[in-house]
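In order, the protein sequences belong to chains V and D.
According to our numbering, the first sequence is numbered sequentially starting from 19.
According to our numbering, the second sequence is numbered sequentially starting from 14.
Worth flagging that the hints you see were computed from the coordinates, not collected in a lab.
One or more hints might be untrue.
As the list claims (entries may be wrong) - So, partial list: chain V residues that the calculated Cβ filter (under 7 Å) puts toward chain D:
{"no.": "1", "residue": "60"}
{"no.": "2", "residue": "61"}
{"no.": "3", "residue": "68"}
{"no.": "4", "residue": "118"}
{"no.": "5", "residue": "124"}
{"no.": "6", "residue": "126"}
Claimed, not checked - Straight line, CA to CA, 20 Å or less: simulated SDA-like cross-link-like pairs of lysine to any residue:
{"no.": "7", "chain 1": "D", "residue 1": "65", "chain 2": "V", "residue 2": "121"}
{"no.": "8", "chain 1": "V", "residue 1": "118", "chain 2": "V", "residue 2": "68"}
{"no.": "9", "chain 1": "V", "residue 1": "118", "chain 2": "D", "residue 2": "85"}
{"no.": "10", "chain 1": "D", "residue 1": "69", "chain 2": "V", "residue 2": "121"}
Note that CB positions come from ideal geometry on N, CA and C, so glycine has one too.
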Amino acid sequence: DGGITQSPKYLFRKEGQNVTLSCEQNLNHDAMYWYRQDPGQGLRLIYYSQIVNDFQKGDIAEGYSVSREKKESFPLTVTSAQKNPTAFYLCASSWGLAIKGNEQFFGPGTRLTVL
Amino acid sequence: GNSVTQMEGPVTLSEEAFLTINCTYTATGYPSLFWYVQYPGEGLQLLLKATKADDKGSNKGFEATYRKETTSFHLEKGSVQVSDSAVYFCALSELTGTASKLTFGTGTRLQVTL
Chain V
19 DGGITQSPKY LFRKEGQNVT LSCEQNLNHD AMYWYRQDPG QGLRLIYYSQ
69 IVNDFQKGDI AEGYSVSREK KESFPLTVTS AQKNPTAFYL CASSWGLAIK
119 GNEQFFGPGT RLTVL
Chain D
14 GNSVTQMEGP VTLSEEAFLT INCTYTATGY PSLFWYVQYP GEGLQLLLKA
64 TKADDKGSNK GFEATYRKET TSFHLEKGSV QVSDSAVYFC ALSELTGTAS
114 KLTFGTGTRL QVTL
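Next up, chain V with everything else stripped away, as it sits in the complex (with noise of 0.2 Å):
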């Protein structure tokens, strides 16, 4: 079964700690994504990577970090310096091909919450 995989969908941390979302797919795509998404809003990019060990910030990458070792994972850490890190954070996949229309496949979720 082809997909993307995100844990935990729940998370819990203490403010002040950093906290790492993992993201993996098996759709064997070059292109991934992190989303934010708050209520109300629609979502914002904040990292994203074209291929394995290379990523570019998106709309908001201040207070987050991402690593790219593997062309199956994208892992998001959340650190400290994120002001109002509680959110939902949305991973997502695409082909690497410079084409209009190429979709994005998204993951389920994960919902971080800064206590």
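We have chain V; now place chain D onto it with these hints.
Then chain D, alone, in the frame of chain V:
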């Protein structure tokens, strides 16, 4: 920069009613346009897409037409079901190398009642 504007929700309809969710966009180039659907507690699923002017995307009874002259991509369905209750997101994409960056609207919650 690019932006997407959707009508605010919630939209509440009776089963079998006609649905329209408005979406307009601002883009510097010629983006691709998408509608994604999100069921409670889940990630997003692609509903339909269009890649050029006058293209019509369709899936599961939903349709949307890429209107370049009005910069719109309104979602329609002739007869909604209770199972269509979800949040609908309009989005546009711009190519960045081999990645496809999506810009989303704020989402429109649809509630369908019996």
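The hints, checked one at a time:
1. 60: Hint on residue 60 of chain V: holds, closest Cβ of chain D at ~3 Å, below 7 Å.
2. 61: With Cβ-Cβ at 5 Å, under 7 Å, it holds.
3. 68: Since the shortest Cβ distance to chain D is 5 Å, the answer is holds.
4. 118: 4 Å, holds
5. 124: Holds, because the Cβ-Cβ distance from residue 124 of chain V to chain D comes to roughly 4 Å (cut-off 7 Å).
6. 126: Holds: closest Cβ of chain D sits about 5 Å from residue 126 of chain V, inside 7 Å.
7. D/65 to V/121: Since the Cα atoms of residue 65 of chain D and residue 121 of chain V sit roughly 14 Å apart, the hinted pair holds (cutoff 20 Å).
8. V/118 to V/68: Holds, at about 16 Å.
9. V/118 to D/85: 18 Å, holds
10. D/69 to V/121: Holds: residue 69 of chain D and residue 121 of chain V sit about 16 Å apart, inside 20 Å.
Consistency note: the structure conflicts with none of the earlier hints.
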